[in-house]
Amino acid sequence: MNWIAWRSLGAAGLLALLASTFFMTTAASRTFYGIDHPVNLIFYYHVAVAWVGFAGLLLAALASGAYLVTRAPGYSWLAEACIAVSFAFITLTLATGSVWARFIWNSWWEWSDLRLVTALVVWFIYAAYLVFRHQAQDGAVHAKAAVFSLVAFVSVPITVASTRLWQSPFHGTSLGTDSVDIHGLAFALSLIGTGLVYPYLVATRWRTHRLADELEAIEAQA
Amino acid sequence: MSLRPVWSAAPAIPPAGRPVEDVGMPPAAITLGAVAKRYGRHLALERVDLRIDAGTTVALTGANGAGKSTLLGLISGTVSPSSGRVTLAGARAGDGSRARGRILGVLHHRTMLYDRLTGSENLRLHATVRGLPLGRVDAVLAQVDLRDAAHRPVATYSHGMRKRLSLARLLLHEPAVLLLDEPFAGLDAASQERLAQIVEGLRGRHTIVFSTHDLPRAAALADRVLTLAAGRIADDRPTEVQPGSERPAVEAAAHPAPFAPAPRGAAVTGFARTVAALLTKDLRIESRARSVSTAMLMLAGLLAVVLGMAFEPLANDPAVLSGALWVLITFAALHGLARSFDAEFHDDALRGLLLTGADPAAIYLGKVLGTATFLFGVALASVGLISLFFGAPALLGALPGLLLLIALAALGLTAVGGLTTVMARHSGLGETLLPLLLLPLVVPVLLAGVASVPVLLETGRLDPGWLRVLLAYDVGMLVATTAFFEHLLEG
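If you read the sequences in order, they're chains A and B.
Under this note's numbering, residues 75 to 296 are what the first sequence spells out, in order.
Under this note's numbering, residues 2 to 492 are what the second sequence spells out, in order.
Accuracy of the hints is not assured; some may be wrong.
Computed spacing ranges between beta-carbons, pair by pair [to be verified]:
hint, chain 1, residue 1, chain 2, residue 2, range
1, A, Ala286, B, Arg153, 49 to 55 Å
2, B, Phe346, A, Phe177, 48 to 54 Å
3, B, Ala484, A, Arg284, 26 to 32 Å
4, B, Ala231, A, Arg281, 33 to 39 Å
5, B, Thr270, A, Trp185, 29 to 35 Å
6, A, Arg238, B, Thr460, 19 to 25 Å
7, A, Ala162, B, Arg153, 55 to 61 Å
8, A, Val113, B, Gly466, 32 to 38 Å
9, A, Asn180, B, Leu430, 35 to 41 Å
10, B, Gly466, A, Trp179, 24 to 30 Å
11, B, Thr433, A, Ala129, 28 to 34 Å
12, A, Val205, B, Pro239, 36 to 42 Å
Covered by chain A, per the in silico footprint, the following chain B stretches (three or more residues, Cβ under 8 Å) [what the hints assert, rightly or not]:
hint, stretch
13, 180-190
14, 314-320
15, 429-442
16, 459-471
These are computed hints drawn from the structure, not numbers from a lab.
Where is the CB? At the ideal position from N, CA and C, for every residue including glycine.
Please model the entire structure based on the sequences and the hints provided.
Right, dumping it as structure tokens:
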């Protein structure tokens with residue numbers, strides 16, 4: 075896919091997010107769990123960003139595996155780009171969730187909420203990845219970072235399972251409950267928009283690094 | 002750019018730009034075809050074509066930075082070529098490091114031995130990992146004239162003795178090719194002479210490539226002297242054969258009789274043997290030095306005192322007891338892992354084991370089991386410390402359940418901890434990075450530990466849900482970390 079196509083993807087994503095914002099502000103219910111408050115609308119971004127961000131971590135694990143097998147630096151940079159963008163998305167998830175909780179639960183943070191705790195642990199795991207990955211750019215660091223990403227991906231499901239044991243669920247499931255009336259179109263648009271912006275951001279970051287690599291190779295030849 | 006060394010199948014592809022006359026030539030042991038190596042913008046070696054005949058002894062000379070170590074690294078496979086290819090006779094395509102370990106013996110600046118083990122124990126460890134008969138150990142010790150010092154720890158050896166012991170390590174498996182990186186550097190005249198005599202005795206039986214700054218030594222020991230300058234072979238000439246120093250027949254060297262590798266069916270026993278050898282090695286070193294467990298115990302003791310003072314009013318709360326216990330175990334693990342893996346990187350001992358061609362997964366598993374054993378002991382002592390400083394004998398009453406809990410936790414913590422310790426060590430930030438890398442990954446273990454102890458104190462049983470989490474974590478992480486360990490060792 076050429077670069078113009080990637081940009082169109084990003085632009086389409088932004089349009090979908092704008093449309094989603096339009097529908098949620100004009101047509102969607104602001105009452106969640108019996109509480110009527112405009113901050114409830116943050117749900118439409120919060121869930122989409124969380125889903126797409128976590129899905130991107132799967133892509134990062136696949137890219138890391140591909141890097142260890144093929145040793146093509148492109149895969150290592152793809153994994154890095156996915157994790158960097160997912161990390162930003164998880165940060166947004168934590169921030170939007172925290173803002174919502176401030177108004178609805180009257181608390182910025184609840185240790186009893188397993189999803190908050192899980193997201194925070196995952197945030198720390200991938201923060202460590204980014205710190206490690208960016209200390210130097212050579213194959214040895216790329217390989218170690220890829221291993222870390224794969225091991226992290228083994229750890230995440232067990233972390234989710236263990237936080238569930240740790241606390242009985244407080245943060246209810248987001249969809250399919252009667253106490254939440256979701257505007258289907260606004261949510262679908264938000265998910266599609268986020269789903270389009272994500273690959274655009276990943277591709278942008280990936281391409282920047284590839285170009286930097288090429289530049290370095292050209293300079294080395296000169 | 003591939004970061005894997007390019008190992009091609011024998012027979013060697015003739016190097017570009019240099020016709021190979023087949024007829025009447027001895028077989029090539031090492032062939033470099035248009036090999037170049039650059040480090041970033043620095044060109045360390047520029048399109049080198051080289052053929053080294055089996056059974057010859059070649060000296061590499063040249064100023065510092067001329068490319069001698071790079072050339073040796075390319076032949077040994079520790080340096081991957083930027084372009085071109087390196088071919089070793091006897092290596093099959095795709096055998097990678099295993100075949101290299103069988104064909105090569107590489108002498109580095111660092112001894113690649115464990116200081117706390119005796120000379121004989123070091124060689125026995127290598128022989129065991131290679132699956133060689135232990136009788137070889139005495140034979141090579143005699144060859145390098147170290148039989149009298151065999152049962153002294155390497156820490157007490159002189160520099161010259163360490164060099165000879167390192168050489169003995171290479172000779173265990175009778176490799177076809179010996180690569181010696183500045184073997185005479187830093188030795189006094191007598192030690193140099195002694196080592197030179199040993200190398201002289203090996204000439205003809207192995208293909209030997211050594212680098213040196215000592216030109217008379219090079220002329221005396223080698224059949225051929227290569228002079229490198231600024232990444233090129235500036236001079237390549239045979240030395241004059243001195244009267245009365247005819248070499249043994251080259252054919253003998255072309256087909257050396259290396260100790261046969263273990264048959265394929267023995268892979269499992271080989272794996273188990275390596276794991277057991279590594280575990281025994283760690284226990285033996287620790288029983289002498291006690292450096293890992295003492296450091297962990299000291300830290301755990303200090304923490305128990307501090308936490309005991311801080312939480313005195315809450316000392317009877319099972320949740321507080323549990324939290325304090327797992328703080329001790331976590332910090333002990335962080336501290337102990339760094340100490341335990343230090344021993345592996347000191348003098349490059351771990352790299353020496355990996356150069357044998359042993360399965361890195363087996364080496365990692367052995368190391369993890371060893372370190373987990375120490376952590377288990379310290380965790381057990383932490384139970385005692387917490388009971389003492391919190392005045393909570395109930396914790397001791399729950400010991401049978403705690404034993405299982407602590408054993409599972411120690412294994413999981415060490416499996417991931419070993420991996421992250423190696424990562425942190427090789428990072429620019431060093432071991433300060435370890436807590437950042439390790440702690441988020443071991444959240445399930447810590448949660449299971451912290452949540453299980455109060456349940457255990459109340460009901461006398463371990464919670465089956467948490468046990469499942471711990472088991473799943475241990476199995477998943479042991480499999481993942483041992484499988485991926487190999488990739489951590491580059492660079």
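Violated constraints from the hint list, given by number and in increasing order: Hint check: 5, 12, 13, 14 fail, others pass.
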